[in-house]
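**Q** Here is what each chain is made of, one letter per residue.
2 protein chains.
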Amino acid sequence: MIVTIVSIWVKEPFIERFIEATKDNHRHSVSEPGNLRFDVLRHQKEPNRFTLYEAYRTEQDVLDHKNTEHYRRWKTTVEEWMEKPREGVPHTVIAPEDPSLWK
Amino acid sequence: MIVTIVSIWVKEPFIERFIEATKDNHRHSVSEPGNLRFDVLRHQKEPNRFTLYEAYRTEQDVLDHKNTEHYRRWKTTVEEWMEKPREGVPHTVIAPEDPSLWK
Numbered sequence: 188m189i190v191t192i193v194s195i196w197v198k199e200p201f202i203e204r205f206i207e208a209t210k211d212n213h214r215h216s217v218s219e220p221g222n223l224r225f226d227v228l229r230h231q232k233e234p235n236r237f238t239l240y241e242a243y244r245t246e247q248d249v250l251d252h253k254n255t256e257h258y259r260r261w262k263t264t265v266e267e268w269m270e271k272p273r274e275g276v277p278h279t280v281i282a283p284e285d286p287s288l289w290k
Numbered sequence: 188m189i190v191t192i193v194s195i196w197v198k199e200p201f202i203e204r205f206i207e208a209t210k211d212n213h214r215h216s217v218s219e220p221g222n223l224r225f226d227v228l229r230h231q232k233e234p235n236r237f238t239l240y241e242a243y244r245t246e247q248d249v250l251d252h253k254n255t256e257h258y259r260r261w262k263t264t265v266e267e268w269m270e271k272p273r274e275g276v277p278h279t280v281i282a283p284e285d286p287s288l289w290k
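Chains A and B, in that order, give the protein sequences.
188 is the number of the first residue of the first sequence in our numbering; add one for each residue after it.
188 is the number of the first residue of the second sequence in our numbering; add one for each residue after it.
The set of hints was computed from the structure by calculation and includes no laboratory data.
Careful, some of the hints might be misleading.
Note that the list lumps identical chains together, so a pair holds whenever it fits in one copy or between two copies.
Cross-link-like lysine to any residue pairs, in silico, SDA-like; alpha carbons within 25 Å at most [what the hints assert, rightly or not]:
hint	residue 1	residue 2
1	Lys271	Pro220
2	Lys262	Glu284
3	Lys198	Asn222
4	Lys271	Ser194
5	Lys210	Asp251
6	Lys232	Glu284
7	Lys271	Glu219
8	Lys253	Val280
9	Lys232	Arg260
10	Lys198	Asp248
11	Lys232	Arg273
12	Lys271	Leu288
13	Lys271	Glu284
Treat the numbers as computed from the prediction; the structure is a model and nothing was measured.
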């Protein structure tokens, strides 16, 4: 399992549109066969900062996600709304160890 | 729902002990009635850096977690093993909106 935690800073005028586009990405991503989680979060103290928590079974599933139509649509749509490039940090999983507990 | 993402940097000689103590904290925390998730992750590129992903139903559940015996035991045990103070960032949830999808 791989978890990528993505930090995104959004320019204030685009926040509502960013949220809608990212909900669309969420809805499609959780239907991918290799996806385990795709949580969309907002920082309590910095409301223009968002976090995506993307869990996949394998590295191949991560690559497959980046080739989906919904990911490409999201990326193209939101890229100009970001204050700076987003940062994705890949993690390995220590717990829970059982993948069935992730879905 | 509240998600706290905690970043922890561990001094190299204590990494294995930190992992064991944190698995213990994980096992007990997921049994708390207000807990939705308690994932323990390790950075792929900085192996002495760890992330806890702690989701709770309410702010009160977050407070209750901090009063549990297992949390206090974990905190006391691992505190001296950290390179610097850990950083916890609280988030609100945008998606999934349905709490039943979090457990």
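**Q** Hints first: check each against the structure and report whether it holds.
**A** How the hints compare with the structure:
no., hint, result
1, Lys271 / Pro220, "neither (31 Å within a copy, 39 Å between copies)"
2, Lys262 / Glu284, "between (31 Å within a copy, 22 Å between copies)"
3, Lys198 / Asn222, "neither (29 Å within a copy, 33 Å between copies)"
4, Lys271 / Ser194, "both (10 Å within a copy, 22 Å between copies)"
5, Lys210 / Asp251, "within (19 Å within a copy, 31 Å between copies)"
6, Lys232 / Glu284, "between (32 Å within a copy, 20 Å between copies)"
7, Lys271 / Glu219, "neither (28 Å within a copy, 38 Å between copies)"
8, Lys253 / Val280, "both (21 Å within a copy, 23 Å between copies)"
9, Lys232 / Arg260, "neither (29 Å within a copy, 29 Å between copies)"
10, Lys198 / Asp248, "neither (30 Å within a copy, 32 Å between copies)"
11, Lys232 / Arg273, "both (18 Å within a copy, 17 Å between copies)"
12, Lys271 / Leu288, "neither (35 Å within a copy, 31 Å between copies)"
13, Lys271 / Glu284, "neither (34 Å within a copy, 27 Å between copies)"
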